[in-house]
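Model the full structure from these sequences, guided by the hints.
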Amino acid sequence: MKKRLYLELENCIGCRSCLAACTQCGGHEERNRNYVYDVNPLVNRQTMPLMCLHCVNPACARSCPAQAIQIHETGAVLSALVEKCIGCQNCTIACPYGIPKFDTEQNLMYKCDLCIDRTKDGIPPMCASVCPSNTLQWLTDEEIEAKQKQFNLDNGKWVTSMPYLEGETNVRVNLPGILQGVTKLF
Amino acid sequence: MQRDKFFKEIENVRHPNETLVKTHCSYCGMQCGMNLRVNTKTNKIIGVEPRYDWPVTVGKMCPKGVTAYQQTNLDDRILKPLIRDDASLKGTKEGFREATWDEAYDLIVKNFQQLQRDYGKDSLSVYSGVSMTNEKCYLTGKFARVGLQTRYIDYNGRFCMASAAGGFMRSFGVDRGSTLPWTDLHETDCLFIAGSNTAECHPTSMFRVWAVQERGGYLIVADPRETPIARRADVHLDLRPGTDLALANGILNLLIQNGHVDKEFVNNHTNGFEETKELVKEFTPEYTSELTGVAPEKIIRAAEIYGKAPNAIVMFARGIEQQVKGVDNVSGYTNMALVTGKIGRPKAGVATFTGQGNGQGGREHGQKADALPGYRKIANPEHVKAVAKVWGIEPEEMPKEGVSAYEMFGLMEQKVIRGLYLLCSNPAVSAPNLNYVREQLKNLDFMVCSDFYLSESAEFADVILPTTTWSEDEGTVTNLEGRCIKINKAQEPLGESKPDWQIHVELCERLGRGKYFSHLKTAKDVGDEFRLASKGGYADYYGITWDKIEKQDGVFWPCKDENDPGTPHMFLDKKFYHPDGKAKICALPYRPPAEEPDEQYPLRLTTGRVVYHYLSGNQTRRINFLRDMCPEPYVEVHPETAEKYNIKHEEFVRLYTRRGEAEYKVKITEAIRKDTVFVPYHFGDDKSINLLTIGALDPMSRMPEFKACAAQIEKLELKKVQ
Ligand code: SF4
Ligand code: SF4
Ligand code: SF4
Ligand code: SF4
Chain A
20 MKKRLYLELE NCIGCRSCLA ACTQCGGHEE RNRNYVYDVN PLVNRQTMPL MCLHCVNPAC
80 ARSCPAQAIQ IHETGAVLSA LVEKCIGCQN CTIACPYGIP KFDTEQNLMY KCDLCIDRTK
140 DGIPPMCASV CPSNTLQWLT DEEIEAKQKQ FNLDNGKWVT SMPYLEGETN VRVNLPGILQ
200 GVTKLF
Chain B
-11 MQRDKFFKEI ENVRHPNETL VKTHCSYCGM QCGMNLRVNT KTNKIIGVEP RYDWPVTVGK
49 MCPKGVTAYQ QTNLDDRILK PLIRDDASLK GTKEGFREAT WDEAYDLIVK NFQQLQRDYG
109 KDSLSVYSGV SMTNEKCYLT GKFARVGLQT RYIDYNGRFC MASAAGGFMR SFGVDRGSTL
169 PWTDLHETDC LFIAGSNTAE CHPTSMFRVW AVQERGGYLI VADPRETPIA RRADVHLDLR
229 PGTDLALANG ILNLLIQNGH VDKEFVNNHT NGFEETKELV KEFTPEYTSE LTGVAPEKII
289 RAAEIYGKAP NAIVMFARGI EQQVKGVDNV SGYTNMALVT GKIGRPKAGV ATFTGQGNGQ
349 GGREHGQKAD ALPGYRKIAN PEHVKAVAKV WGIEPEEMPK EGVSAYEMFG LMEQKVIRGL
409 YLLCSNPAVS APNLNYVREQ LKNLDFMVCS DFYLSESAEF ADVILPTTTW SEDEGTVTNL
469 EGRCIKINKA QEPLGESKPD WQIHVELCER LGRGKYFSHL KTAKDVGDEF RLASKGGYAD
529 YYGITWDKIE KQDGVFWPCK DENDPGTPHM FLDKKFYHPD GKAKICALPY RPPAEEPDEQ
589 YPLRLTTGRV VYHYLSGNQT RRINFLRDMC PEPYVEVHPE TAEKYNIKHE EFVRLYTRRG
649 EAEYKVKITE AIRKDTVFVP YHFGDDKSIN LLTIGALDPM SRMPEFKACA AQIEKLELKK
709 VQ
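Going line by line, the protein sequences match chains A and B.
Under the numbering used here, the first residue of the first sequence carries the number 20, and numbering increases by one thereafter.
Under the numbering used here, the first residue of the second sequence carries the number -11, and numbering increases by one thereafter.
Note that these hints are calculated values from the structure, not bench results.
There may be inaccurate statements among the hints.
Stated by the list, open to error - Beta-carbon label-pair distances, calculated as ranges:
hint, chain 1, residue 1, chain 2, residue 2, range
1, B, GLU(-3), A, GLN125, 22 to 28 angstroms
2, B, PRO590, A, GLY196, 35 to 41 angstroms
3, A, GLN125, B, ARG498, 33 to 39 angstroms
4, B, HIS3, A, VAL75, 27 to 33 angstroms
Predicted model, so just to flag it, every value in this text is computed and none were measured.
Where is the CB? At the ideal position from N, CA and C, for every residue including glycine.
Structure (C-alpha cells):
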C-alpha cells in the first residue's frame, strides 16, 4: 500500500531528532537534508520541521538546466545526480521552501531524497521513524483521510496540500491548530 | 507482549556486510529500543537502525539515541589504564601515563591496603552510578561490602531518583517507578505532569502524551517554565520553583471539597485520610496561589479536570524531586491518586520519569548506602542474613549503613574517607556546590576512576581504568516502567577496556577476596547470582531470566519464579506493600525551599536538562551533532527581568549565589517566570551551574535541592570574546 510522509506541525517539540536521523541513511554522508525552525524563539518554544514536500511538478527539477534532479517512480524527488549536477544552484532559488542545500566543496546540490533506499521498499524514512512526537509520520492515504476527518478546523481548512501552498505535493502537511476541532471527553 | 495502536510490523533495512544487534539506548530511563548496525568485516559499530518491534517506543528515538552509537569508537576513548604519579596535577588533564592493567591493579591494591591498614576499612569509599546494567550495579555493591569491606558506598541516584524512591516507599511501601506500563499512557483521560520537561528529557513519551489530547483527554503540566510540553497543556500551572508541596496540598484540598473522594477505596485500602484532610484544609486556592504564584483559577481548573477524569495518571520528575522536600512532594502528588482511587487499575496510576537508563534497577540492588539487593535494608537483620548467605559471608561481616553521595564529600573533608573508587559517574559536574566538592576530590589520599572518557571527575584520579561503553557488554536494565530488558553486546571491547564487573572481580582477586568473586566469569554469571540475591526481596528478580525477557519483550518486577510472567500493573488487587496492605495518604505540612530569595539574591535559580545532552554531558558533549546543537550553557531570563537588569538577548552576564559564580550568555524568553532563571547543568569546568547550586539535602532521601536557590545576575559590560 502506498504511504506518504505526513507532517503534523502542532506536535513538534524541537528535539531535532529528525536532523540527527537524516544523517543516518544510506548515501547521506552523515549530512542532514532537513530543517527545524524555532517559530518565535523569544516568546515560546514552538518549533516546526521543514522538509522537502516532494512536489508533483517540482520547481527544483524544472529549473535544473542539466536534468540532474530525477523523479523516482514513487514520486520522490531525488537529490542531484553527481555526474549531472553542474553546481548552478538554480534549484536552491527555484524551490519555494528553500530545501535544496549546496555543497560548495563538491560543487553539488544535495536534498532530501525521501530516504529512497528505505521508502522504495515501503520502509518509513529515518526522520519519520524516529520522530518522538509523531510530527512526522508515514501513513497510507486512508490513514491521512481519517486524520482529515478527525481534525476539522473551524475555518474549514485542513492541509496545506489542499489547496496547495504552491502546487500539489506528495507530502501532506497539517498546520498547527489541530486541537481546535477536538471534542473533549468530559 | 503488548501491541497497541502505535505498533506496526515494519521490516528493517539491511545493508550488505552488516548485521543488526537488537539493544536499547545507553542514556535515559525510556530505554528506547534500537538496532546497532555492525560491520561484519571490521566488527565495529557503524550506525543505528530503528527498532520498530520494541513495544514501548516503536522505533522512536531522541537525538541522543540516534547518535548514541558514536560513543563506542570515538577517538576520546581511554584505551589503556592511566596512572598519574604527580599528585600536584590533580584536577587537571595533565600528567597521566599509560600503564598495564597489572601495574594499575598493583598500585590500587598497594594504596587501598595501606589506607585500610592505617585508617581502617571504612577509609575507602565507592561512588557509583546507575547508567549501567543491573549486573554491574549489583556487583558494585558486593565489591564495596565484600571486596573492599567498607560501609561507604553510594551512588548518583541520590541526585536523581532518591526522592521518588523515598516517596513511593512511604506512600505504597514499595518503590516501583511506575505503577503501570507506558503503553497505558495514551489511553488515559488526564495526564497530570509535575516538574517534568518530558519533551526534552523523555522525548519518546511525547507521542503518547499528545495522543491523550487528540482523543479529547486533558494535559495538565506544573512547571516554572513553559516547556515544549507545557506549551500545549490544557492547564499550565506555572509555579515558583520549590513550591510543589503547596500546589499538591491545594489540589488535594479541592479534590476533597468537590466530592472527588473514592470513599470505598480510601476506607478499605488507605490510612491517613482524615489527618490529611484536616491539614490540607488551610490550602485554599487563594492561599495556595500566594505560596506558589499560580493563579487560583488555574488551580481550581486543574483540580476539576483531574477530579472528573474517569482515568488519570499523575506523573512527575526531578523538578519536584530535587528539593529539600522532594520526598514530601512525591507523596503529596501521589495523595491525589490515593484519595480519588485513581490507582491500581489500567490507565490510572502514578509514575516518575526515571532519569538514568537503569535508575530503577540500579537503586534496587545494593549500591545505596542503606540498601542491599532486592531492595532490602541493611538495618534489617533478616535482610542482611539473606544476602550474606548468597554472598558467602557471615551476617556480622556485613558493613553497616553508610552515608549518602553528597555526605561522602563531607567525610572526605573530615578525612574519615581517604580513598575513592569512582565509576559510572561524574560528580565534578553533577554534584551541587561544586567548589566544595571539587576541593574534596582534590584532597583525597588516593582516587581511582573507571570511565571510558577522561571526565571532569577523572581529572582528580591517580589511576584511571578504561571501562567499556554499554554496547561492548551485555546484561539487563530496568526501564522507567519497571520492565527489565536486555542490553546486548554489539562489539568487542575497544583497546584494553574491560566491563566494570570484570574489573571488580580481578581487583578483588588481587585484594585477597577472590573466593567471593572468582566464580563470576561472565555477565550472565553475575546476573544469575544477582537474581538469587534479589529473591524474596521487594524487588524480586528471581524469575527474570534472559530468555523470558526475550520472549516477553521484557519482564516487569516483581517476578518471583520461572512461571511468573511478571507484574506490568501494580496493585491490581488493591494490596499495597505496607504490612497492613494499605497505602498511606500523607499529611504533609508545607515548608519553603532551603534558601529563599532576598534583597541580595532576589532571583530563583533552577536547573535542568536540554534534549541534546545527558546528565553531566561527559558522553554527549563529545558527539558532534549534539555538541553543535548545544555547545554551551546559557541562562534563560524573562524579557521583563532582563529589562530590569538592562540585559539583551545573547549578552553575557555573571550569575552568582552564596556559593559560586559563572558567566553565561543570556537567552531571553517569555517561556519562564519573571522571578526565575534557568541554566542547563550538563557542562564542566567554569561553566558548571552546579558551582552555584546549594548542598541542602532532603532529610529523608538526602537529595540536594538542585531545583531552587537564590541568585543574582550582573551584566558583564566588557564584550566577551569566546
Ligand atoms: S524529530 Fe519530530 S519533534 Fe523532533 S524536531 Fe523533528 S519534527 Fe520536531
Ligand atoms: S519542495 Fe522544493 S526541493 Fe522539494 S520537490 Fe518541491 S521544489 Fe523540489
Ligand atoms: S525523508 Fe529521509 S532524506 Fe528526507 S528529510 Fe527525512 S530523513 Fe532526510
Ligand atoms: S535518551 Fe532516552 S528518549 Fe532519547 S533515545 Fe535514549 S532512551 Fe530514548
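Results of checking the hints against the structure:
1. B:GLU(-3) with A:GLN125: 22 to 28 angstroms: 39 angstroms, violated
2. B:PRO590 with A:GLY196: 35 to 41 angstroms: 39 angstroms Cβ-Cβ, so the 35 to 41 angstroms window holds.
3. A:GLN125 with B:ARG498: 33 to 39 angstroms: 55 angstroms, violated
4. B:HIS3 with A:VAL75: 27 to 33 angstroms: Hint holds: Cβ distance 31 angstroms, inside 27 to 33 angstroms.
Hint compliance for this structure: hints 1 and 3 are not met, and every other hint is.
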